[in-house]
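*Asks:* Here's the letter readout for the chains.
Protein chains: 2
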Amino acid sequence: MEPADGSSPGPALEEGIASVFSSAPALMETDGFSNRLKEFLDLHSVAAGGGRKVVCITSGGTTVPLEQRCVRYIDNFSSGHRGAAAAEYFIEAGYAVVFLYRIGSVLPYTRSLPDEPLLECLELDDDSNIRVRKSCAEAVKKYHAAVAGNLLIKLPFTTIFEYLQMLQIVAQAMKPLGRYAMLFLAAAVSDFYIPWQSMAEHKIQSASGPLDMRLVQVPKMLSILRTEWSPLAFCISFKLETDSKILLEKADMALRKYKMHMVVANELQTRKEEVIVVTLDEKIPVHRDKSQPDSDVEQPLVELIVDKHSTYINNHR
Amino acid sequence: MEPADGSSPGPALEEGIASVFSSAPALMETDGFSNRLKEFLDLHSVAAGGGRKVVCITSGGTTVPLEQRCVRYIDNFSSGHRGAAAAEYFIEAGYAVVFLYRIGSVLPYTRSLPDEPLLECLELDDDSNIRVRKSCAEAVKKYHAAVAGNLLIKLPFTTIFEYLQMLQIVAQAMKPLGRYAMLFLAAAVSDFYIPWQSMAEHKIQSASGPLDMRLVQVPKMLSILRTEWSPLAFCISFKLETDSKILLEKADMALRKYKMHMVVANELQTRKEEVIVVTLDEKIPVHRDKSQPDSDVEQPLVELIVDKHSTYINNHR
Chain A
6 MEPADGSSPG
16 PALEEGIASV
26 FSSAPALMET
36 DGFSNRLKEF
46 LDLHSVAAGG
56 GRKVVCITSG
66 GTTVPLEQRC
76 VRYIDNFSSG
86 HRGAAAAEYF
96 IEAGYAVVFL
106 YRIGSVLPYT
116 RSLPDEPLLE
126 CLELDDDSNI
136 RVRKSCAEAV
146 KKYHAAVAGN
156 LLIKLPFTTI
166 FEYLQMLQIV
176 AQAMKPLGRY
186 AMLFLAAAVS
196 DFYIPWQSMA
206 EHKIQSASGP
216 LDMRLVQVPK
226 MLSILRTEWS
236 PLAFCISFKL
246 ETDSKILLEK
256 ADMALRKYKM
266 HMVVANELQT
276 RKEEVIVVTL
286 DEKIPVHRDK
296 SQPDSDVEQP
306 LVELIVDKHS
316 TYINNHR
Chain B
6 MEPADGSSPG
16 PALEEGIASV
26 FSSAPALMET
36 DGFSNRLKEF
46 LDLHSVAAGG
56 GRKVVCITSG
66 GTTVPLEQRC
76 VRYIDNFSSG
86 HRGAAAAEYF
96 IEAGYAVVFL
106 YRIGSVLPYT
116 RSLPDEPLLE
126 CLELDDDSNI
136 RVRKSCAEAV
146 KKYHAAVAGN
156 LLIKLPFTTI
166 FEYLQMLQIV
176 AQAMKPLGRY
186 AMLFLAAAVS
196 DFYIPWQSMA
206 EHKIQSASGP
216 LDMRLVQVPK
226 MLSILRTEWS
236 PLAFCISFKL
246 ETDSKILLEK
256 ADMALRKYKM
266 HMVVANELQT
276 RKEEVIVVTL
286 DEKIPVHRDK
296 SQPDSDVEQP
306 LVELIVDKHS
316 TYINNHR
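Respectively, the protein sequence lines represent chains A and B.
Our numbering runs 5 ahead of the 1-based position in the first sequence.
Our numbering runs 5 ahead of the 1-based position in the second sequence.
Calculated from the structure, these hints are not laboratory results.
Note that this is a predicted model, so its numbers are computed, not measured.
Check the hints yourself; a few may be wrong.
All copies of an identical chain are treated as equivalent in the list; a pair is satisfied when it fits inside any one copy or across any two copies.
Okay, derived cross-link-like pairs now, DMTMM-like style, lysine to aspartate or glutamate, Cα gap no bigger than 25 Å in a straight line [to be verified]:
#1 139 - 128
#2 264 - 254
#3 277 - 196
#4 250 - 72
#5 255 - 217
#6 255 - 72
#7 159 - 128
#8 180 - 233
#9 277 - 72
Looking at chain A on its own, in the form it has when it is part of the complex:
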């Protein structure tokens, strides 16, 4: 059942969402996540009058456990490179960043580093003293500046259950920021899941022939996010497809169905070179600057978004 314009998302959807949340194990707040978030936002909420905008970036893929004591799970591929890069550019543009990321995905300021940064960024001189290679120093400085300036808070998730609950908490906590809030939903969220109750308690045994699994659809949270959790926030979602033929059509559908301000359409093969920003009025291709070997598509993308976000704020003053 589709929500009518501006109305609540409808009883069928609300039931679906309630059923995911009620079936999920309660969120473990081992690191005082809600309190750390509140302190961070309070800091910028005061500053918001002076113009500090806050973006929540979701990044990396969610997992769907197949067993309650999780040995096996279905994962959605996403390195988290896009979210990490965007975080750096948003901080450069003056935003504070709530970074809601999959554990193990790329973190801001680490993407330019080698795979084994500690081992490869450090070297021994002739006297066996350890030194830092120059190529790694810049990222470390920028990271420490962002942390020292209270411009970055990192909140990790693993499963779809954790992700959905944390997104709700973050979106609701950002509601008081009004139009100064932005949600940049780059995480690769699972479309299908196995409800907690119907999961095997123990590791599925392999001795008994083929394994048949039925997964059900994860209800889309975007409608309720827009209408209830954070109705004034500037909302950007992402659409990834491997089949370019259906990509723009699906991006456009998502834009209208979930009332996003923008949908960023990207194709798996070319996503590091080009994306297409879909709004109600336009389809804007964004390319990386090919004349620069180290350029990325996130820099012009974030520039465009920052510009559209300013317009969105100014049009409603």
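Given chain A, work out where chain B should sit, using these hints.
*Replies:* Just chain B, lined up with the frame of chain A:
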């Protein structure tokens, strides 16, 4: 069909294995993997007369792609901590280590480091110079010593298809080492997979109701590994269960069925505290030294294995 003692693994199994390999995409040797491996083993093969033993450690979980252009996959949970720790202790015990690991899992000499080693191991002094925190220096030194001594080669995999093909290449390449070779099979290998041909080419669409999947069993490679790929190597496999009631029984079955020299039985909840080494004659519990806060179960485990491997070599001189 079970192989009779010492015979070939039987035509049914061979067919199953042939079907996995023929359905899989060919291994990409982008980094000259076979050549690097050959050079590494040649080095120690000469040394083998003088007593250099070589262990292949498999580590981390394999993935099973659900789509050919892989967005979603089933993953087997494994941090790779055990394999990485064992690699360090084997090198300390004088072995050369072939480390066949899942990309992104823990690497030797990195487990004692913080999650973001580069950012957290480096600090700025008052003049904004970067320094290395003392707590991180030891690991870096040991890593460089292992690399400089040609005692560690790292070979990364992601999917079950890559893992199985690489394991075959490594085991066959180690065959000339005879009893000086050891296979320490700690990777969490998927039990079920979707044959490449029956996979969706594009991303599975979520609009059309629940998702039904049929996965088939991955044929066990251990029999053919023992009888053909590397018949004299000392073989250790691992059995992980979440249900302690069936653990030892399943470990014992695996020992006999695949003619392992040892099966290390571990339960998900307690695997960092205790494992039980199952051989034909004994069941030996191995604990970490609880009087030492930084101790692990891998140190006494590797000590026991090194001892049993020596006995295995000496009994057949």
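*Asks:* Between copies, within a copy, both or neither: which fits residue 139 and residue 128 at Cα up to 25 Å?
*Replies:* Classified as both; 10 Å inside a copy, 14 Å across copies.
*Asks:* Evaluate residue 264 and residue 254 at a C-alpha cut-off of 25 Å and name the case that applies: within, between, both or neither.
*Replies:* within (15 Å within a copy, 56 Å between copies)
*Asks:* First find the shortest C-alpha distance between residue 255 and residue 72 inside one copy, then the shortest across copies, and answer within, between, both or neither for a cut-off of 25 Å.
*Replies:* So residue 255 and residue 72 pass the 25 Å test across copies only (19 Å; inside, 32 Å).
*Asks:* Within a copy, between copies, both or neither: where do residue 255 and residue 217 come within 25 Å Cα-Cα?
*Replies:* So residue 255 and residue 217 pass the 25 Å test across copies only (23 Å; inside, 29 Å).
*Asks:* Checking residue 250 and residue 72: alpha-carbon separation at most 25 Å within a copy, between copies, both or neither?
*Replies:* Classified as between; 17 Å across copies, 36 Å inside a copy.
*Asks:* Between copies, within a copy, both or neither: which fits residue 180 and residue 233 at Cα up to 25 Å?
*Replies:* Close inside one copy (9 Å), not across copies (64 Å); limit 25 Å.
*Asks:* With identical chains, the pair residue 277 and residue 72 could be close in the same copy or across copies; at 25 Å between alpha carbons, which is it: within, between, both, or neither?
*Replies:* between (34 Å within a copy, 20 Å between copies)
*Asks:* Which holds for residue 159 with residue 128 at a C-alpha limit of 25 Å: within a copy, between copies, both or neither?
*Replies:* between (29 Å within a copy, 20 Å between copies)
*Asks:* Given identical chains, is residue 277 near residue 196, meaning Cα to Cα at most 25 Å, within a copy, between copies, both, or neither?
*Replies:* within (23 Å within a copy, 34 Å between copies)
Violated hints are absent here; each numbered hint is respected by the structure.
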